[in-house]
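Number of protein chains: 8
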Amino acid sequence: MVDISILMGSESDRAIANRVTSVLENSNYSFEVEVISAHRDPEKLEEYIKESDSKVFVAIAGLSAALPGVIASKTKKPVIGVPVNAKLGGLDALLSIAQMPPGVPVASVGIDNGANAAHMAIRILDLCKVSQ
Amino acid sequence: MVDISILMGSESDRAIANRVTSVLENSNYSFEVEVISAHRDPEKLEEYIKESDSKVFVAIAGLSAALPGVIASKTKKPVIGVPVNAKLGGLDALLSIAQMPPGVPVASVGIDNGANAAHMAIRILDLCKVSQ
Amino acid sequence: MVDISILMGSESDRAIANRVTSVLENSNYSFEVEVISAHRDPEKLEEYIKESDSKVFVAIAGLSAALPGVIASKTKKPVIGVPVNAKLGGLDALLSIAQMPPGVPVASVGIDNGANAAHMAIRILDLCKVSQ
Amino acid sequence: MVDISILMGSESDRAIANRVTSVLENSNYSFEVEVISAHRDPEKLEEYIKESDSKVFVAIAGLSAALPGVIASKTKKPVIGVPVNAKLGGLDALLSIAQMPPGVPVASVGIDNGANAAHMAIRILDLCKVSQ
Amino acid sequence: MVDISILMGSESDRAIANRVTSVLENSNYSFEVEVISAHRDPEKLEEYIKESDSKVFVAIAGLSAALPGVIASKTKKPVIGVPVNAKLGGLDALLSIAQMPPGVPVASVGIDNGANAAHMAIRILDLCKVSQ
Amino acid sequence: MVDISILMGSESDRAIANRVTSVLENSNYSFEVEVISAHRDPEKLEEYIKESDSKVFVAIAGLSAALPGVIASKTKKPVIGVPVNAKLGGLDALLSIAQMPPGVPVASVGIDNGANAAHMAIRILDLCKVSQ
Amino acid sequence: MVDISILMGSESDRAIANRVTSVLENSNYSFEVEVISAHRDPEKLEEYIKESDSKVFVAIAGLSAALPGVIASKTKKPVIGVPVNAKLGGLDALLSIAQMPPGVPVASVGIDNGANAAHMAIRILDLCKVSQ
Amino acid sequence: MVDISILMGSESDRAIANRVTSVLENSNYSFEVEVISAHRDPEKLEEYIKESDSKVFVAIAGLSAALPGVIASKTKKPVIGVPVNAKLGGLDALLSIAQMPPGVPVASVGIDNGANAAHMAIRILDLCKVSQ
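Protein chains in written order, with UniProt numbering: chain A, 1 to 132; chain B, 1 to 132; chain C, 1 to 132; chain D, 1 to 132; chain E, 1 to 132; chain F, 1 to 132; chain G, 1 to 132; chain H, 1 to 132.
Please keep in mind that the hints were generated in silico from the structure rather than gathered at the bench.
Where is the CB? At the ideal position from N, CA and C, for every residue including glycine.
Warning: the hint list may mix true and false statements.
[To be verified] Residues from chain E that face chain B, not an exhaustive set, calculated with beta carbons under 8 angstroms:
# : residue
1 : LEU63
2 : GLY89
3 : LYS129
4 : VAL130
[What the hints assert, rightly or not] Result set (DSSO-like, lysine-lysine): computed pairs, CA atoms no more than 27 angstroms apart in a straight line:
#  : chain 1 : residue 1 : chain 2 : residue 2
5  : A       : LYS76     : B       : LYS129
6  : H       : LYS129    : C       : LYS50
7  : H       : LYS129    : C       : LYS44
8  : A       : LYS76     : C       : LYS76
9  : B       : LYS76     : D       : LYS76
10 : B       : LYS129    : A       : LYS74
11 : G       : LYS76     : H       : LYS129
12 : F       : LYS50     : G       : LYS129
13 : F       : LYS50     : G       : LYS50
14 : D       : LYS74     : E       : LYS76
15 : A       : LYS74     : B       : LYS74
16 : G       : LYS44     : F       : LYS74
17 : A       : LYS44     : B       : LYS129
18 : D       : LYS44     : B       : LYS76
19 : H       : LYS50     : G       : LYS44
20 : A       : LYS74     : A       : LYS50
21 : H       : LYS50     : H       : LYS76
22 : E       : LYS76     : D       : LYS44
23 : H       : LYS74     : C       : LYS50
24 : C       : LYS76     : A       : LYS129
25 : A       : LYS129    : A       : LYS74
26 : H       : LYS76     : C       : LYS74
27 : H       : LYS50     : C       : LYS74
28 : H       : LYS129    : C       : LYS74
29 : D       : LYS50     : E       : LYS76
30 : F       : LYS50     : G       : LYS44
31 : E       : LYS129    : F       : LYS74
32 : D       : LYS44     : E       : LYS129
33 : F       : LYS44     : G       : LYS76
34 : E       : LYS50     : D       : LYS44
35 : C       : LYS44     : C       : LYS74
36 : H       : LYS44     : C       : LYS74
37 : H       : LYS74     : C       : LYS44
38 : F       : LYS50     : F       : LYS129
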């Protein structure tokens, strides 16, 4: 079991994933990193989410960045989205991640800002420790 | 069995769906209209797609408009997306629909342009009739 | 003591705050709502944050929406930002809230989407209950 | 006779055209590639469309990307448009291609996304085979 | 024979056309107004351009505003384009009109600014009178 | 006396000016090129415009591209503006040049598109020759 | 003699000018308000600037908002620009006002934010009083 | 005591700060340069502002550029903001700096335009000298 699942939509998002793990390596939380596309591997993604006992999901995606939203529609855990600049400076991904319909929340951080996804995950997990 | 499935992400997209059906009513093709959110009803959506024998899907959605992309990831039929202006003039939905990753194509028409989704579906189905 | 502090930058953001509380009223979590501008009342804001024992902050702001970021710089709790459409369709507020520098994370939801701020807060607090 | 006509507005769009053909080469469909500008060679374009018996048109263009729309106005076959990033990240071309007036549909794929134009063409042609 | 041909892509652009004629009525130049869509009536448009002996064309269009560019590709006379705000504040039309490929110039005025199209036409025609 | 005055706001716009002159060198029209900033050299600019007997002005500028508009406010000759990409992909310059107030027209061509400024100038001057 | 000159490009900017004067009426500084278009009345504007002994200029303008920049090019006093939302949410005016070339500074406040122009003028004048 | 305090949000903004100092070195005004993040060092920033007797503040920041606004909320001196292009061409920083709420003014100059921040500071300080 890990605390945080870090999923990216494509191998090309690896550099941003590394910014997430760089921060998490200095924390007390465990994590794992997977490459699963919401659009190209929907069954694999669904299976992963169902079987995972992670507490927080970080989803990294560019373009029509569906990954965070799809995860948020299949789990009740907090999902943090990282928009990646693949085209248009990342504005497409930011809007795809932030503009979710009411009822299916995704917590968007800034474009390419993997570090803040890690920091947000840490804040959430720290809160739960304190709450105990 | 129907020729065209028209799905919208939310009841608030009904006006745009009506623009699709207004055009299709003057065609020779049959259609059905359903409200299923990709984000709030993923299982219902998946089931619908699996059981449907429609030839073409028209998906209408605003904001982070995931519906067309999710359908395209679960069928090999042509999927036409209609971005709806809910916020930002519909730019968010246009980008979410058009900027799909390679391998999972969605055919985007213009913002709120349900008519052109119908016309595109008719062109595709006409082509198949001619091809026979 | 309350679970969730909902702060808005201006009385004109009240309608969006109501969308947050509408959702929270159907949850098991307590909350309080305050109007404090990050730019016009920095001392009051600082004092509020220091004295608050809320677990999660929801900050609602338009224009150069500094409120969520200022809160995130003064607490280690999770901060959820709601960009409000005051000008430019809310794009200014979305960018101000999402594009935080590394180390000071804010979880942005969509423009005017107070409901999702509530849902995100609930997911975080539910996680902490489960974690116990 | 070919199944798919791939037209680009300018020789500078060749790299995007290659993304279309790379995908089609692994399909069972035949294609041909031509460089014809809608704005600089309108007569040649018109003649090409009239004489072509292609089933699907893929039109690649940047800037004020008129090529897909002009083709769609002169044929009843499905037309797929690929916006090219020449300026402004390709936003100009995406809007020029997607925002067609009702009655003259173009199926826009993402910016520079020649691969998805090919995949969309394949879906359409596969549908027609199945329909027979 | 008239000095200026004013073409609009759709009857819905009439209000902007009236701004052009309001200015021209106070000038010494003659004009005529026609509704011809570049996308829906390409043959009629071509015929009109060929038979016209107008000195200057003013083309008014919204969305993927192809009309000015198509005219410019079929005449060597000066073409002035007026982008109309139909969606996205008219940004789509402005980009479609201004971002023409080298060799096929269109003179874009501001969004909905029919008055300036008239003033530009007057400047051109005044220059020719002076040049004689 | 020259037919066309080509003014640029800054020496850094020289590459775009060269695109104008490259086209004009293959025409029958004479031209001269000057570097005068509307903002830093307003008196020199005014003097130049007053003393010039050019028939057409081409004004090249980036950022808050005031040069074309200032020229248009001080002459009754046709003024063609070329927006330069210095920041924001040139969107700032395009808007500054195109969005002129009614009564002071500027003919905007595309971003960095010096060639089309030349072609537009040629069309205007050709018209005047024919009109004689 | 007045402390602050408030100029607007068009009578239609009056509502924004009133936001400036509403704030200034509660200050100790005198002001006067004039309507002078930089594009339509350049001579009147130049004369006004030369004869004025105001300490600070506030310039209000929409669209291609040249007024603040033209004033800044003709005086060495501080110039504050207020972009007005006439089209595109005021983004055109904001960019025209803020993106000035190096050497000719304009202090831009927010879109339609006449109040902040007044507050900025007061800060500058207060500083000068204190400095004495 | 110095005349002008130049603060930047991050060491990565140094190049833009140098553009400010390059201009100021040729003026008669003294200045100092500090790196203090509004988001990561709020206490240090507050202390700096309280202890400073600078007459004018220049604040340089990218992304969600809170620095100028936070300073403006804690001093009554004039604050000049310089948006830095870190993402999205600097549009995010420009909007964060310019779109301040009424009552807390920031004078925004153009993206990366450190020179104009210096020139604006000089104009303000020159005015105060003249006013004495």
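Consistency of the hints with the structure:
no.: 1; hint: LEU63; in the structure: holds (7 angstroms)
no.: 2; hint: GLY89; in the structure: holds (7 angstroms)
no.: 3; hint: LYS129; in the structure: violated (42 angstroms)
no.: 4; hint: VAL130; in the structure: violated (44 angstroms)
no.: 5; hint: A:LYS76 x B:LYS129; in the structure: violated (46 angstroms)
no.: 6; hint: H:LYS129 x C:LYS50; in the structure: violated (43 angstroms)
no.: 7; hint: H:LYS129 x C:LYS44; in the structure: violated (36 angstroms)
no.: 8; hint: A:LYS76 x C:LYS76; in the structure: holds (23 angstroms)
no.: 9; hint: B:LYS76 x D:LYS76; in the structure: holds (23 angstroms)
no.: 10; hint: B:LYS129 x A:LYS74; in the structure: violated (40 angstroms)
no.: 11; hint: G:LYS76 x H:LYS129; in the structure: holds (13 angstroms)
no.: 12; hint: F:LYS50 x G:LYS129; in the structure: violated (43 angstroms)
no.: 13; hint: F:LYS50 x G:LYS50; in the structure: holds (20 angstroms)
no.: 14; hint: D:LYS74 x E:LYS76; in the structure: holds (23 angstroms)
no.: 15; hint: A:LYS74 x B:LYS74; in the structure: holds (16 angstroms)
no.: 16; hint: G:LYS44 x F:LYS74; in the structure: holds (12 angstroms)
no.: 17; hint: A:LYS44 x B:LYS129; in the structure: violated (36 angstroms)
no.: 18; hint: D:LYS44 x B:LYS76; in the structure: violated (35 angstroms)
no.: 19; hint: H:LYS50 x G:LYS44; in the structure: violated (45 angstroms)
no.: 20; hint: A:LYS74 x A:LYS50; in the structure: holds (8 angstroms)
no.: 21; hint: H:LYS50 x H:LYS76; in the structure: holds (11 angstroms)
no.: 22; hint: E:LYS76 x D:LYS44; in the structure: holds (18 angstroms)
no.: 23; hint: H:LYS74 x C:LYS50; in the structure: holds (18 angstroms)
no.: 24; hint: C:LYS76 x A:LYS129; in the structure: holds (13 angstroms)
no.: 25; hint: A:LYS129 x A:LYS74; in the structure: holds (25 angstroms)
no.: 26; hint: H:LYS76 x C:LYS74; in the structure: holds (23 angstroms)
no.: 27; hint: H:LYS50 x C:LYS74; in the structure: holds (18 angstroms)
no.: 28; hint: H:LYS129 x C:LYS74; in the structure: violated (40 angstroms)
no.: 29; hint: D:LYS50 x E:LYS76; in the structure: holds (25 angstroms)
no.: 30; hint: F:LYS50 x G:LYS44; in the structure: holds (17 angstroms)
no.: 31; hint: E:LYS129 x F:LYS74; in the structure: holds (20 angstroms)
no.: 32; hint: D:LYS44 x E:LYS129; in the structure: violated (36 angstroms)
no.: 33; hint: F:LYS44 x G:LYS76; in the structure: holds (18 angstroms)
no.: 34; hint: E:LYS50 x D:LYS44; in the structure: holds (17 angstroms)
no.: 35; hint: C:LYS44 x C:LYS74; in the structure: holds (13 angstroms)
no.: 36; hint: H:LYS44 x C:LYS74; in the structure: holds (12 angstroms)
no.: 37; hint: H:LYS74 x C:LYS44; in the structure: holds (12 angstroms)
no.: 38; hint: F:LYS50 x F:LYS129; in the structure: holds (24 angstroms)
Comparing the model with each numbered hint stated earlier shows that hints 3, 4, 5, 6, 7, 10, 12, 17, 18, 19, 28, 32 do not hold.
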